[in-house]
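**Q** Below are the chains, spelled out letter by letter.
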Amino acid sequence: MIQSLRIALKDLKSEFRTKQMLNSMLVFSLIVIVIFSISFGNLLNRSQIIGQLAPGVLWISFTFAGTLGLSRSFAAELENGCLDGLKLCSFNWNSIYIGKMLSSTILMITIELIIIPLFIVFFNFNIQGIHGLFIILVLGTIGYISVGTLLSALTVNIRTREILLPVLLLPLIIPILLPAVLATGKLFSGGNITDVFQEIRLLIVYDIIFFVIAQLVFEYAIQD
Amino acid sequence: MLSSESKKVNLLAVLTTIAIIVATGMIFFYLPQMTGGSSEVLGESFKIFYIHLPIAFTSYLAFFIVFVAGIMYLRSSNKKWDILARSSAEVGIGFAFLVIATGSIWAKAVWGWYWIWEPRLTTSLVLLLVYLAYFMVRQSIDEPETRARLSSIFGIVGFAAVPLSFLSVRLWRSVHPLMFGESIYGGSGGGLEGPSLILTLLVNFIAFFMLFATLFVYKIQNEELKEQVNDLKQSME
Amino acid sequence: MFADNVGSMDDVISVKNLSKSIGNHQVLKNICFSVKKGSTVAIYGPNGAGKTTLFKILSTLWTPTEGSVAINKFDVSTDSSNIRKSIGILSHETFLYNDLTAEENLCFYGQMYGIDNDILDKRIEYFLEKTGITYRATDRVSELSRGMKQRLSIARTLIHEPQVLFLDEPYTGLDQNAVNVFENILKELDSKKTTKLIVSHNIEQSFKLCDRAIILDKGKIVFDDLKKDISDVGSFKQTYKNLINS
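Residue numbers (the working numbering), protein chains in the order written: chain A, 1 to 224; chain B, 225 to 461; chain C, 462 to 707.
In short, the hints are calculated from the structure, not lab data. Among the hints, a few may not be true.
In silico DSSO-like links for lysine-lysine, alpha-carbon gap of 27 Å or less [claimed, not checked]:
{"#": "1", "chain 1": "C", "residue 1": "K681", "chain 2": "B", "residue 2": "K303"}
{"#": "2", "chain 1": "B", "residue 1": "K450", "chain 2": "B", "residue 2": "K231"}
{"#": "3", "chain 1": "B", "residue 1": "K457", "chain 2": "C", "residue 2": "K679"}
{"#": "4", "chain 1": "C", "residue 1": "K546", "chain 2": "C", "residue 2": "K497"}
{"#": "5", "chain 1": "C", "residue 1": "K490", "chain 2": "B", "residue 2": "K304"}
{"#": "6", "chain 1": "B", "residue 1": "K303", "chain 2": "C", "residue 2": "K679"}
{"#": "7", "chain 1": "C", "residue 1": "K702", "chain 2": "C", "residue 2": "K669"}
{"#": "8", "chain 1": "A", "residue 1": "K13", "chain 2": "C", "residue 2": "K546"}
{"#": "9", "chain 1": "C", "residue 1": "K517", "chain 2": "C", "residue 2": "K654"}
{"#": "10", "chain 1": "C", "residue 1": "K681", "chain 2": "B", "residue 2": "K457"}
{"#": "11", "chain 1": "B", "residue 1": "K457", "chain 2": "B", "residue 2": "K304"}
{"#": "12", "chain 1": "C", "residue 1": "K490", "chain 2": "B", "residue 2": "K457"}
{"#": "13", "chain 1": "C", "residue 1": "K490", "chain 2": "B", "residue 2": "K303"}
Going by beta-carbon spacing under 7 Å, a handful of chain B positions derived as facing chain C [unchecked claim]:
{"#": "14", "residue": "P368"}
{"#": "15", "residue": "E369"}
{"#": "16", "residue": "D455"}
{"#": "17", "residue": "Q458"}
A few chain C positions that, by computed beta-carbon distances, are all more than 10 Å from chain B [stated by the list, open to error]:
{"#": "18", "residue": "E586"}
{"#": "19", "residue": "Y587"}
{"#": "20", "residue": "D636"}
{"#": "21", "residue": "S652"}
{"#": "22", "residue": "N663"}
{"#": "23", "residue": "K689"}
{"#": "24", "residue": "T700"}
{"#": "25", "residue": "Y701"}
{"#": "26", "residue": "L704"}
{"#": "27", "residue": "I705"}
Note that beta-carbon positions come from the ideal geometry of N, C-alpha and C, so glycine has one too.
Just chain A, with the same shape it has in the complex (with noise of 0.2 Å):
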């Protein structure tokens, strides 16, 4: 466990170091938000509307961007060959993986601290229910990363992996895109946090399975 937190640390010490990563997942994100909402055009002023899409709108635009920081989770550990450095300081592997895993999610809320404002700005939301977008946005994150870090060391060593990433994932992370588009749906629109106790369940439950999935496959996949 010690480990994870270290192998964790390092990650974030070199992407806050060179803010990379960062960068262009905040970019990405923001530009994903401002097409949908071009692209929406006249229908901007209708909040009914709005409220239904917009939900939706911010989950793609922080998927896209998670696709970006997952495929270079475990790539960036190629340079200098790393990866093997790693697995021989590792004493049990599935430390790499959570290790990862907790870089990406502290990454990917980072960008969604800063995107959220943002996206309230842009389309004039008011939001009662912060501390219940808040667990939506964590629990959604974590069952996101969790698939995405075991599918990001799956790809690894596969020479087309940027193309292939996203196509694995994104049939993966329906169960958990569903529940949190609409729990965030929900507390645009000025619900609570008892309103999305159903959504909360759900992707407590997604979490818990895919994390414990990956734990037991995750050692057959960095194996090269």
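Following the hints, put chains B and C in place on chain A, whose structure we already have.
**A** Frame of chain A; chains B and C shown alone:
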């Protein structure tokens, strides 16, 4: 010169053909006319249900085999499990496609749209997408052992995603205005009470399982031959 | 021609009937050898002989198809975590993170091995000094020259004081300065009874380091003898050529 094994397989193929003919015949000639009762709307078009349901179950079964074979492969690294997994996936993807096709045809006849975002149908779509992704994994890797290992992992994770999709799709549909009410399948329930209907459904189930089994066995034999050819090629070098 | 490789109590590495298949290709065929504590063994062989595979298995990155491999009495398939603690790998890849400084890299690897912070600080200082990078310690690895990266990589390999050292083409990419540093450090390790395994193409350079030579060809050991029984480098090279071409 047929070995006894391929004779058995041929016999299975013949039996499957008969079963399919009997099952289809029962749908069109044995079933009583679906008039009146609780679901007048369904009428003739409802008959596709007897094909649709067994196909759907079979496609889930196929993916379950991919899942189990994946676990077995990771535990043993034995090539035969990979052959099993990919054969099942290949036949399964055909069935998954048929589920969508028959589902849409039915939807068009009953509701006038080819597609409705109904939980079961949407889950089948997710299943198809996961299958497609599974083959993307296989296609992208040249080295047979890596391919077997990584596709096993994806098969396991993918299988877990499907039931969860069903749960979340159901949650999603239940909050949106439901176009067709809860009686999408429930309405037809009344029609299914008759023994002749249940018998027809049962025979169709057996027929489609047999169809799956036949295709599966042929596919496995095919893949085994491919492996043998590859081995021979290797040993020629 | 074969050295006395019957297992004994002070064996650090013992490989028994090791085979490894990748796909249908058997890369290693029934390899048997053992290495005594403190000795230095050089493994030679043409490309595709299975040297890299052997190293990957010894270093727990790959698992054997058949046979058993034990390092410090720990089995590679069942007790890999204990092995990882006691081995160090110096390869032509540096395993260094470009965006971290030289010091941070050593610190990361040291902490991963669970070294106490005050001991680690001293070791980092010592190794930076030893490899002559102290004055660049706070520079990012990406800013260092190739030779410096290689020297830092030597420090990285030794930070947890491994009992067994795997040197995979250690001379590749080393400049003259780094070669001196490298050979000095190796001499020092001899006094600590560190066991070393070297894989190299460069027979000339690596032969002087070892006290035993193994030649691997097509997945089999075709030669295994102590250096004191081999007259000189020239005759060893001749033997190597004869064995590989036959």
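**Q** Hey, is Y587 of chain C genuinely clear of chain B, shortest beta carbon separation above 10 Å?
**A** Per Cβ check, Y587 of chain C is outside 10 Å of chain B; nearest 41 Å; holds.
**Q** Was E586 of chain C rightly flagged as not at the interface, with every chain B Cβ beyond 10 Å?
**A** holds, 43 Å
**Q** Beyond 10 Å from every chain B Cβ: check whether that's true for T700 of chain C.
**A** With a cut-off of 10 Å, T700 of chain C remains clear of chain B, as the shortest Cβ separation is near 29 Å.
**Q** Straight-line Cα separation of K681 of chain C and K303 of chain B no greater than 27 Å?
**A** holds, 25 Å
**Q** Taking 27 Å as the top limit, are the C-alpha atoms of K681 of chain C and K457 of chain B close enough?
**A** Within the cut-off at roughly 23 Å; holds.
**Q** Is it correct that the beta-carbon of N663 of chain C has no partner in chain B closer than or equal to 10 Å?
**A** It holds; N663 of chain C is separated from chain B by about 30 Å at its closest Cβ, greater than 10 Å.
**Q** Would the non-interface assignment of L704 of chain C survive a Cβ cutoff of 10 Å against chain B?
**A** Given a closest Cβ separation of 23 Å, the condition holds.
**Q** Any CB of chain C closer than 7 Å to the CB of Q458 of chain B?
**A** holds, 5 Å
**Q** Next pair to validate is K13 of chain A with K546 of chain C; report whether the Cα-Cα distance is within 27 Å.
**A** Distance ~25 Å between K13 of chain A and K546 of chain C Cα, so the pair holds.
**Q** Can you confirm whether the C-alpha distance between K490 of chain C and K304 of chain B stays at or below 27 Å?
**A** holds, 23 Å
**Q** Closest CB-CB distance from I705 of chain C to chain B, is it above 10 Å?
**A** holds, 19 Å
**Q** Against the 27 Å threshold, does the CA-CA distance of K450 of chain B and K231 of chain B hold or violate the hint?
**A** holds, 20 Å
Hint check: no violations occur; every hint is consistent with the structure.
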